[in-house]
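Can you build the whole structure from these sequences, using the hints too?
So the chains spell out like this:
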Amino acid sequence: MADFFFNYLPFVIAGAVVVFGLFLYGLRDTLRLSPGRIWAIGGVCFRDAIRRKVLWVTPLAMLAVIIVSLLQKPVDQPDAIRQTIKFCFFASALVVTIIALITAATNLPREIESRVIYTIVTKPVTRLEIVLGKVVGFARVSAAMLLIMGVFTLGYLEMRAWFLGRQITQTLQSPQLDPAQRAWLQHFEAQGLLYSQTIHRPIRLMQYAGVSGLSDGKLAILGGAQDAIVKFDFPPELVNDPAYKDATYRLVFKVPTRPVPQAPAPAAGAPAPVPELQALILDLNAERTLVQPQQFVGGTGTVRLDEPNPSLEIPPATMQQLAKLGSFNIQLLPTSSSFLYQIPDEPVTVQVLPVKGGQPVELLPAAKPQTRGSVGRFGQQLRSSESGVDPIAIFRFLEAPVKTAREGRVPFEIRVGLERSGADADTEDKTTLQITVRDRVSGTYHKNDPVLVNVENRRTAFFTVPAEWVSSADFDVIVKNRSIGNTIGMVPSSLQLVADREPFAFNLFKGLLVLWLFAMLVAIIAFFCSTFLSWPIAVMLSLLIILGRWAAMNLELGSGFGAQVATDVAGNNPGLARVVSGSVDALTGAFTIVASVLPDIGAFGVTEQIERGATISLTQMVPPIIVLLVFGLPLTVLAYVFLRNKEVAP
Amino acid sequence: MTVETSPSLGVVESTNPSDAAVYTRDLTKVYTDFWGRPKVRALDSLDLTIHRGEVFGLLGPNGSGKSTTIKLLLGLIFPTRGEAMIMGQRCGTTEINARIGFLPEESYLYRFLNGEETLYFYGRLFKIPHRDLKKRVPLLLDTVGLDAKARKRKLREYSKGMARRIGLAQALINDPDLILLDEPTTGLDPIGTREMKDLIVSLKNQGKTVILCSHLLADVQDVCDRITILFRGKRQTLGHVKDLLQVKDITQVEAHGLTPQQIEELRQYVQRFGAAAQITHPTSTLEDLFIKIVRENTGESGSYTSSDA
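Same order as they appear, the protein sequences are chains A and B. So for the first sequence, this note's numbering puts the first residue at 26; every next one is plus one. So for the second sequence, this note's numbering puts the first residue at 183; every next one is plus one.
There's no promise every hint is true.
Cross-link-like lysine-lysine pairs, in silico, DSBU-like; alpha carbons within 30 Å at most [as the list claims (entries may be wrong)]:
no., chain 1, residue 1, chain 2, residue 2
1, B, Lys331, A, Lys78
2, A, Lys349, A, Lys279
3, A, Lys671, B, Lys309
4, B, Lys416, A, Lys671
5, B, Lys342, A, Lys78
6, A, Lys78, B, Lys334
7, A, Lys78, B, Lys336
8, A, Lys393, A, Lys349
9, A, Lys671, B, Lys221
Example chain B residues on the side facing chain A (calculated, C-beta under 8 Å, incomplete) [said to hold, decoys possible]:
no., residue
10, Leu256
11, Gly257
12, Leu258
13, Ile259
14, Phe284
15, Leu291
16, Tyr292
17, Phe294
18, Phe303
19, Arg306
20, Lys309
21, Gln352
Since the hints were derived computationally from the structure, they do not count as laboratory data. For every residue, glycine included, the Cβ atom is placed at its ideal position computed from N, Cα and C.
Right, here's the structure in full:
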């Protein structure tokens, strides 16, 4: 119940404010609401802004966009169009936000100052209608500006795309063109520079050693290159039971190993390799290490798997801390590159042995283990085939309906990082990947006719697969690295399926719609502030409310910030340092708490998506609407409550 | 409930607050500073009953509390103490606002709208159907004397007199029962002033209540049935204009076409009663003279319209 309450706290507060303001405090005014009057007030508010020539700022913004886009230094034509989209969208957002802020913050103070409000409030108009009318007016001003900027953006981009498209055609006629660059440009020549496509991302990225001949259902990982993550849920009754307070906690491993088939023989005199495994304990998301190997009893956290009953013991105090978290992951890190480690469904269990009384308990994994590549500079590393082992990366797609099949093939995009092996300095900055697909519904593995893709370091490459490979919507895309010596780095989103396409203009329209929602939020916040503050202060407070949360997230005001400031300010004076550190931490703590209840403007961030050509889905329109409802609605109601109690005669 | 016969036509005098056009009891307004400490006592325990159908003058020097009273009646500010009712209901409500018209001290209107747009906008706030507005707006503009050219001009281009006229038109858009006019003749030329006064009388004849707030005492004297004089936030006097201005120990006799000899005989006759008598020819007002000259020169006898800037 408490969890539910805190999860939905913003909704509860927003709802309470709205119910109180509209249905308890202002029921009479709510019942008298007249759309005609609201529209009339909104109309005058809109005409006020137009007559004040706020729209004249749009030609300035257009001019700025044209100048900046002509001065840009793009890598190639697709990059040029991306940058232009970014400029256009940034200019639109900037202009509409500033105008919404200034218009909304100054409107009411100006009407009170000029006493025009006298002739409004003395008419049969409720203060609620005045507030709503103003909001409608600001919405109309923002919509007009975005309409103008939108038409310009579309027209300018189409024109620029046409010129850049001609440049691409000319470039492609050059015989000296690098093949990868040629493939890249050919893709855009065929598809066009302005596009919008729905991207479907895999739900998971796994890696296995990739050795044939292993028994069914027991996939293996390669020592020194891959690992496995096993999730555990700690039973709450065990946490509270005093019998288990000082119990012994033992990780018991059941990981069969076998030598790598064609492993090079160890150097003469060197000890024969042994199958060792190191264990770490990670948090629920497998991102943060909670227990280092040296924190295990024995101080190494390493176990030899060729010995009987391999196990590791965790100190009870450490285990009790983990137990309080409820869930954690055990990372199995095979350390010997000469062995393959088979990962069954339960590669590790936790035995709990109470000191006196109570029964021994064995905790089993909460889910099937996840196997991954070791993490490098660009994500999970996928090695090339060597020593008879052919590591595979599996991108698992779930419910990925495809509507883009053209000539029987479905488009994919892949973008990976390349880590060159130090031994071969001449290795080029590109590599070849082999792609196959396994249908998870029918179990069919389409491996006889693999697709080969040449990839460059951190540049998107395009490939297609036969539509029937992915027709079931649940499938695994299996990637192998075919260039000896190169290691590629990938994350789950490195491989994307182009599931659907729609006109760029429609995507732009949706982006502008999100911007409009943002402008509404800004206007409502500014208008709310202007009901009790003079307009310059209202503008400042509005900026603080709008940017507060984003600033708190980006400033990284962690617990170490106070100590850092203290070192700079107090130098060698420990007393002063303590005071400074404490004060700064208290202030940053208070700021962080306040910032956490402010609107999350990240929900309105769509520029990057339009720039990348990714379709804004309808579900993505939901967070901005929620932020607008959760903050805009109660602030509108509060503005009404404040205005109703305000003496509008200066 | 006591109902008195009014000395003025159509005025219903009643002591019942719900019958009064405006009723205030102990109405007090104290302006405070930022910290809530009392700064100025703008209005102090004002008791006032304005009857339906009368033209009531609210007089006083600057800072006497006239504007504060008007603002309190309109709900622009809230009383510190006391109560104010209009037509038997708490003032400042939308129901009451629907029945009143207000011409502020200066015409505080949207300067970017033209005359017609202004009236359509205010008409929409009263939810007057567009069909009715199409009839009422030209009629009102005629009434206040704004010609076709002036109607299409932005208010920011209006002269002060034209601004007063459009201000008055917006105050009358809803055919109100109670009209509050704050300095209605400010900025108007003598003819405009006369027309305004005629209009006030005509409104009274239509049975409407008019509250007039003015510095120009002659205007008030001409049109008001009753007045109150405020000073330092307190009511100093209240009553019928005629009663307040009447000099009870002087008798005035008016006669047309007497010869100097007949005048001398009249003086001697009066002196027989032992009273000092002064017999002179009355003078017209400068306003009357001005209007006479203008009308003779324009050859008009009715109202004239305004399109001056």
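Query - Numbers of the earlier hints that this structure fails to satisfy, in rising order - result: As far as the earlier hints go, not one is violated by this structure.
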